[in-house]
Amino acid sequence: MTTTPVKFYQVGSFAVGNRLLTEEERSGQSNPDRANALTSGHRACQGCGEALGARYALDAAMRAANDQIIAVNATGCLEVFSTPYPESSWRIAWLHSLFGNAPAVATGVAAALKAQGRTDIRVVGQGGDGATVDIGFGALSGMFERNDDVLYICYDNEAYMNTGVQRSGATPPAARTATTQAVGEEPGNTFGQGKFLPRIAMAHEIPYVATATIADLRDLEAKVTRAMEFRGARYLHVLVPCPLGWGSASCDTIKIARLATQSGLFPVFEAVNGEVVASTKIRHKVDVEEYLKLQSRYAHLFSPTRREDVISHLRRMADKNIARYELMGE
Amino acid sequence: MEKPYAITLNVGSSLANHTGTWRVEHPEYVHRMPPCNNACPAGENIQNWLYIAEDGSYEAAWRELIKENPFPAIMGRVCYHPCQVACNRAELDEAVGINSVERFLGDHAIEKGWKIDPPDHETGFSVLVIGAGPAGLSAAYHLRRMGHTVVVRDATHAPGGMMRYGIPQYRLPRNILDAEVNRIKEMGVKFEFDTRVDDVHDALNEGFNAVFLAIGAQLSKRAYIPASESARILDAIKVLHDVEDGNQPLLGRKVVVYGGGNTAMDVARSAKRLGAEEAIIVYRRTRDKAPANDMEIEEALEEGILMKWLSTVKHAEGGSLQIEKMELDESGFPQPTGEIEYLEADSLILALGQEVDFSLLGNSADIDTKDGVMPVDHTMMTTHPGIFAGGDMIPADRTVTTSIGHGKKAARNIDAWLRMTTYEKESDKPVVAFEDLNTWYYTDAPHAVRERLEASRRVQDFSEVVKGLDESTALYEARRCMSCGNCFECDNCFGVCPDNAIIKLGPGKGFEINMDYCKGCGICVSECPASAITMISEV
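As given, the protein sequences belong to chains A and B, one line each in that order.
Add 3 to a position in the first sequence, counting from 1, and you land on the number used in this note's numbering.
Going by this note's numbering, 16 is the number at position 18 of the second sequence; the sequence numbering is gapless.
So here's chain B without its partners, still in its complex pose (with noise of 0.2 Å):
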């Protein structure tokens, strides 16, 4: 090429300079673990289906979801969703209403009439599960999804466990629980009810290869209350029990509950609603230490629902009870002052816990218990080969979420169990604390409340109380989350790079770092609204 005077080298673009030899660390994109999806007892992959549903994938995020729930509908009425209480939206505006997108998801699920397809191959392997409770159902889910033939027996009449015979029907309406319960039914899972297994041994003489115990906790603890022979005392699960059989219990015009936890204000509730007049609650300790969840006491509370904290029925006579006032001690526990009162009451409800009936057990001495409880080791099974337990039955939080997640669990390690395998866990990666995101990014967005059913309404029938979301209130919920620890494609990063060594993969795919101008500044790193690029140090 002729050159102008003076001039001896040909002109070209600076690319042919490689900045990125000057870098001592680079930046790279993962994934972090989301508060969420490390709360969820049932290990779902939370900020992944919210993702999915934020551009109206509606499908694809839910069957995301059932990868590890199956319940999308029920979980969005009855779990106390800890993905909230740990989200990181909190303490930027409020959390995000994941409990309401996901039951969104679910019955959108049963309106549309998804289904899950059977498994594509089958394993050969029986699996027994006894108890069709929510610990039940999800490891037959888990089990059939991988190929094993599945029998589901059950002491009672119909699916569900404390699903249906705990949980009264204004918080979780029977038809969701039989829709979601169908498509496991669909998949292929044999149900026998009214088959009450008394031996866990002789299932495994019927050619079972493993046993899945989920017998749940339905005995009543009985606290010793003297008592003269018209006193009127009910335990709270049969009551319940009853209730959901259509035997409507005899409970007169005021109804003392006594116990401070969810079943006591379930069946205070169901109690209103079956027409007292009068219902209250005595328990032995203060609002702040009642087991309730706090929720399900403000709801009582709406209703009329009378509370008598720190307070312990000492004698029960027909149409009276004898209360006596405690005092909290110094390390919290109630403690008696013999101030006595009297509280009208024409039957009494004892709602004081709950214990394993290990009856059925039989003559199988060889599987352990201890303390009224089960001890599994870390892959659910008992002291027994094959026999593995979950959900009520063995010692852990006892909510329909956390049986779940046993179930999946259970499952899991049934199937590398009949394989001679282990299951490997993914190894858990860092949680993404609040510091860890740029927030300057996200807009001001408080979360969008759900109808509720109003009080004085509520209390005369048993409809839902709590309403959905309609879609368009749902997606702006989804659209709240501030996807922790994962892209979310804000292009943020492609933007802010001083060098230009971001590529743009185009929708869906991401970005990639262009190592040859990458200069290892780590303005990306910092600006990444999610914490979902680090630096990686190359010296």
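One chain only, chain A, in its complex shape (with noise of 0.2 Å):
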């Protein structure tokens, strides 16, 4: 018999379910008797990236801790569109302090936890970009550092959103924020400023780093389950697509974060010990322009006169990554 052996169910290996798997090849999220860490009645914005994002993990880190989670939040809009006084849309264990101590906090209750004996109970930290990358990035260092057993999840929305779009350490070149206007002769965030955490945090040769997006549910939900693998700092590095902040419309969150993984501009990778150890490889490749012709924040670069020299410098940092992380390929 000529046949093609079968790989697998036609699209079990990446919708979220399907009716034709058993429950183990499903991801958490098919489950109606999921966590729902974050519950409905939240004030994010439609087509929140973030608020999707930070469900995805705090589901999966629920499910990989027997549902035994303190989460420590810092400031910025995932605290503020889940937590309006008196309401919460939290079902976690749930605790926030200032914008740039979520680090330091998170060590303290880990701490808390370890006098007490209660090794089964863990702990998360968690921010946006702006709390991690910029304000709390030295309390984040010392967490590293000191290896306390904490992971910690980036929500990395690349800007201040939640106090009206202003640029952060993880804006990217060219993009326009509220203090990074598309005006003069290089329009947008400049070029060669700014960080990569996930490099700074392998830096510090803690047991697990990790980035990943909502557009892939398994690859994040694997991730946070391979991080509570771990004892000791974990960081974890979500890209959350922003509607409001990108200029995207509310339902292509998803697609954005698709596309910016598939031109390469954000590598999906895990390192441990500080070492790469895999990455995800890029199943249908596209041209940066893909990306950047959905986000107003981008507009400038095609209208009035498209900047051909700017588009092709973000290529090249999206070239960059595919041969940094071997994104290509099998």
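No lab work stands behind these hints: they were computed from the structure.
Bear in mind that the values here come from a model prediction, so they are computed numbers and not experimental data.
Fair warning: there could be bad hints in the mix.
Unchecked claim - From the structure, some residues in chain A lie toward chain B, with a derived Cβ separation under 7 Å:
(1) F17
(2) N21
(3) L24
(4) Q32
(5) S33
(6) A38
(7) N39
(8) C51
(9) G250
(10) S253
(11) G277
(12) V280
(13) A281
(14) K284
Backbone N, C-alpha and C fix where the C-beta goes; we use that ideal spot for every residue, glycine too.
Take each chain as given, in its own frame, and dock them per the hints.
Below, the structure is given as structure tokens:
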């Protein structure tokens, strides 16, 4: 019989679930009894990537820790939209202190639990890119250095969205924000500034560092699960598009995250003890332009005159990622 | 409740905050028309029976299939599957092998002996079907399901029409044909063979409430070919008919078939099986202009049938033919070149198309015919009230599947006519285009190939050429369906909603939207692989 070997169910590998798969083969999010750590009624904008990313990540962490989780949240969109006084959208133990001290508070929670001998309760620190990359960076670096038993998750939407889209250290070059206007010779955010925190985290040689996006749920869940297998400091950097700040359609949030990975602009990989051990390969390569043109923060690259020089520069950045993290191939 | 210092409100869940009020549009689950269903001449709900088959519920899938078409095992062999030409998956990797899954279901049903229940009530109306070909059998089946008394009359002595007397056994084994027709017999349809109807009006006088005419097109078209007396010229339909009846026609060692349609391919391939050393097809136009299905031309070539494109038969003599080369003019018509060659041939078989034999209409000049076919209105009724027609005798594509579609459509309209109502067809839903799908979620999975008998072994006898799929391969193939326009419960909407506003109702029940919290972002619509959700404006 001349047949092609069955690879897998036709949609099982990429969709959230599939009626033909066993429970184990489906993603955690396909389970109607999922934790829903962040429940309905939160005040995130339509199509918020961060709300989605937080639920994906925390639900997976809850599953990995048998529902024994304490989350420490930095100030930012996630905190503001989930807990307007006196309401809370959290269905987990949740703590908020200041903008810049979430890693330090998480360290303290972990130390307290250790003192009580409650090693079954796990600690997750979380915040946006502003709290993580800029304001709380010192505290985070200290947490890494001491190898405190905390999984820190950064939901990266590439600017201070809550306060009105100001540039952060994670804002990509050429992007327009309230503080990097699309004016002058080099419109938008400056090239060569800012930082890619996953690599800085790796430099601390902590047990586990990984990146993920909301476009690949199964990969995100697998990385949270993997991270929870380690003790010590772990860092997960999740790309979460922001329709408001990026100027994209609310229905395109996941699509944009997908294009970020498929263009090579956002590398998805994991690193153990400071060394990259795996990267998620690009399945359908797209040009950076596909990604850029859906977002009005890059509109100045296409009109009134097309800035081929800037687009090429961004393309070179994508190509560098592809080479560095080996994003092409099997 | 005692509150801490400076606290005035009780804490509570954000569930009290109905964010649905922000919304200006909302998603809605829809069923759109998959391109396969749209292309099926028999109107099968292909996407739906594939969906049912995907979890191994073969009997349920088969029962869904036969709601529209009683012959899946036959279809899986002789249908030219326009569904697969339309399939959106072709743009991703390759079209879903719908035809092979259909054959699997049909064969599986025969193997398991699944039956069709007789109707649960009798309407008291009786209908005469004239012609036991695909159109007549399909009409009889549907009319019987509706509870009517049905009598089928046919001039030959076995059911099937062109499925028996036109399509050779190596494409459609007779045990398969018999098994599927038998089911219709078992439903209580009465068959009268060797009964030629000479006047339709007599039938109405006999007490039938309606008549369905499906006599096909059985007369071979003739072309004037100057021939000497010693030339042996036969007609393709007669040859195929004789083969079926066991009267082996005398064809000789070298056989030339004149024509480029499916019948030409069938008769040439049959000639080879009957012992001809050489079978040559002569056709006046080019291969891409030949009306035969490409697969049939391909299989004929594999079996060693020779093709002379751009050629006409100028003169026939005993043992030899004068062939004139043709060339296509600007408008694509073949024009003679005057260049002549000779071809050895013991016999010449004409396969130049067929015409309807209107002699059975007898003196009934009140039923209009036009251009050699019988026009019908949108209800399949002829110009005579109560007499309906379908199949090859009305103007349409002449394929088995088209005829089966005619039978179904006629049955529905006959039923309505008998009840003095009109049949209202469900309004057509928009067809799903490839661009409507989010194909990111489909894994690349090329289609499974059906095994075929080696060409050298094929021509030895009339054994079936194309084999069926085994169960696991048929299942794999069914699961390649992208379920265009219809939910297949991939859980994507349930997973991707940032507001947890999708409620999962459980296996087979689909999903519901919680309008209290849906903000109308539309991510579920964008990320639905199958385009089974749409946005509805609320302003």
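Here is what the structure says about each hint:
| no. | hint | in the structure |
| --- | --- | --- |
| 1 | F17 | holds, 5 Å |
| 2 | N21 | holds, 5 Å |
| 3 | L24 | violated, 9 Å |
| 4 | Q32 | holds, 4 Å |
| 5 | S33 | holds, 4 Å |
| 6 | A38 | violated, 11 Å |
| 7 | N39 | holds, 6 Å |
| 8 | C51 | holds, 5 Å |
| 9 | G250 | violated, 15 Å |
| 10 | S253 | holds, 4 Å |
| 11 | G277 | violated, 33 Å |
| 12 | V280 | violated, 25 Å |
| 13 | A281 | violated, 20 Å |
| 14 | K284 | violated, 14 Å |
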